[in-house]
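Asks: Sequence:
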Amino acid sequence: MADVTYMITVDEAHVDAVDAIAKLVSDHGLTVNRVVKGAGAIQATGSDTDRGKLESIEGVMEVRPEGVIRHPPMNPKIPQ
15 MADVTYMITV DEAHVDAVDA IAKLVSDHGL TVNRVVKGAG AIQATGSDTD RGKLESIEGV
75 MEVRPEGVIR HPPMNPKIPQ
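In our numbering, each residue's number is its place in the sequence shown (first place is 1) plus 14.
For the record, the hints were derived by calculation from the structure and aren't laboratory data. Incorrect hints may appear among the rest.
Dumping the calculated DSS-like pairs for lysine-lysine here, alpha-carbon to alpha-carbon at most 30 Å [claimed, not checked]:
hint: 1; residue 1: Lys51; residue 2: Lys67
hint: 2; residue 1: Lys67; residue 2: Lys37
hint: 3; residue 1: Lys51; residue 2: Lys37
Simulated restraints on C-beta separations [to be verified]:
hint: 4; residue 1: Asp17; residue 2: His85; range: 17 to 27 Å
hint: 5; residue 1: His85; residue 2: Ala27; range: 33 to 43 Å
hint: 6; residue 1: Ile92; residue 2: Glu26; range: 39 to 49 Å
Using N, Cα and C, we set each Cβ at its ideal position, and we do this for glycine too.
Please model the entire structure based on the sequences and the hints provided.
Replies: Written as C-alpha cells, this is what we have:
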C-alpha cells in the first residue's frame with residue numbers, strides 16, 4: 015500500500031464543520047496535513063486504499079489524490 019496525499023472538499027452545507035470533518039479524517043487513520051477553513055478544504059495523507067473511507071464521511075463532496083508535477087531537466091537548447 016502506497017502513501018497518497020488526498021485533497022478533500024467539504025460541501026457548502028458543512029463548511030462550518032470542516033474542523034470536525036478533519037477530526038473524522040484523522041480518526042480514520044489518515045494524517046491531516048492542512049485545513050483551509052474558508053475554502054472547506056482538507057489535505058490528508060494515507061493509504062491508497064483510504065479513498066472509500068473518506069468518501070463515506072458526511073459532508074465530504076469530493077476526494078481526489080493530489081498529482082505530482084514534474085518538469086523536464088533544464089536544457090540550454092530548449093527555452094524554459
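Asks: A separate judgement is required for each hint: does it hold in the structure or not?
Replies: Status of each hint after checking the structure:
no., hint, verdict
1, Lys51 <-> Lys67, "21 Å, holds"
2, Lys67 <-> Lys37, "13 Å, holds"
3, Lys51 <-> Lys37, "13 Å, holds"
4, Asp17 <-> His85: 17 to 27 Å, "22 Å, holds"
5, His85 <-> Ala27: 33 to 43 Å, "39 Å, holds"
6, Ile92 <-> Glu26: 39 to 49 Å, "44 Å, holds"
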